[in-house]
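The opening residue of the sequence shown carries number 280 in my numbering; numbering runs sequentially from there.
A hint or two may mislead.
[Said to hold, decoys possible] Derived Cβ-Cβ restraints for the label pairs, each shown as a range: (1) Lys479 with Arg388: 35 to 45 Å; (2) Gly423 with Gly447: 18 to 28 Å; (3) Arg445 with Ala468: 13 to 23 Å; (4) Asp361 with Glu412: 16 to 26 Å; (5) Pro349 with Glu395: 30 to 40 Å; (6) Leu389 with Glu362: 16 to 26 Å; (7) Asp405 with Gly447: 33 to 43 Å; (8) Glu393 with Gly447: 32 to 42 Å.
Derived by calculation from the structure, the hints in this document are not laboratory data.
Only a predicted model underlies this, so the values are computations on that prediction, with no experimental measurement involved.
Glycine included, every Cβ here is placed at the ideal spot set by N, Cα and C.
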Amino acid sequence: MTDAPRNAKTPQDDGGESTPAAIWAPWRLAYLESTVEADPTPAAPSSPPPPTSDAPPPSASFLRQYWLSPAEDEPNHVLIRDEHGMIMLNRYPYANGHLLVALGDARPRLLDYEPEQRAALWALVDRAANLLEKTLRPQGVNIGVNQGRAAGAGVPQHLHAHLVPRWGGDVNFITTVGQIRVIPSALDAMADRFKATLAKHPEI
280 MTDAPRNAKT
290 PQDDGGESTP
300 AAIWAPWRLA
310 YLESTVEADP
320 TPAAPSSPPP
330 PTSDAPPPSA
340 SFLRQYWLSP
350 AEDEPNHVLI
360 RDEHGMIMLN
370 RYPYANGHLL
380 VALGDARPRL
390 LDYEPEQRAA
400 LWALVDRAAN
410 LLEKTLRPQG
420 VNIGVNQGRA
430 AGAGVPQHLH
440 AHLVPRWGGD
450 VNFITTVGQI
460 RVIPSALDAM
470 ADRFKATLAK
480 HPEI
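Let the hints inform the model, and build the full structure from the sequences given.
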């Protein structure tokens, strides 16, 4: 899901065999540059103890803030929440219906989670994929995890999965040449579509 360089080679550049096309999303640069990377180093013994309330600290990732604020699920576009994590719309989508999946426990690496937590994460990914396919009927879905800023993670301190619905030609001329994104459906309208699917298919 990382942004591809504008001058990245295509199969036509060198006459080589076909290679998978990258999703180039230049509009995400402002978001990535505005993200403050939290220091994952444990606090020194002399540091003050963390607050005891459930309120997220100011340095918490937005994912952690959402997890600790269930009353704000609607404005935050959180669609599904269980005892382990949540599924939500991405506010900075690559495409209509771009979903994020995250556990409530903020950890930077997949292997930092216990096996049971990893299983819970992938169970939520399954549900998100089911929700996408029943709602939007895409021709394909990109599913991935960017672990670490070098891998393209915008919130490296809180691992999360991306699910991006895809259609043939969805990264088109106006996006790749004009550096303009066209996201036809507003987030609220897209959230309503997903909620309608959840109401119709409570088994998701």
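Unsatisfied constraints (hint numbers, rising): As far as the earlier hints go, 5, 7 are violated by this structure, in ascending order.
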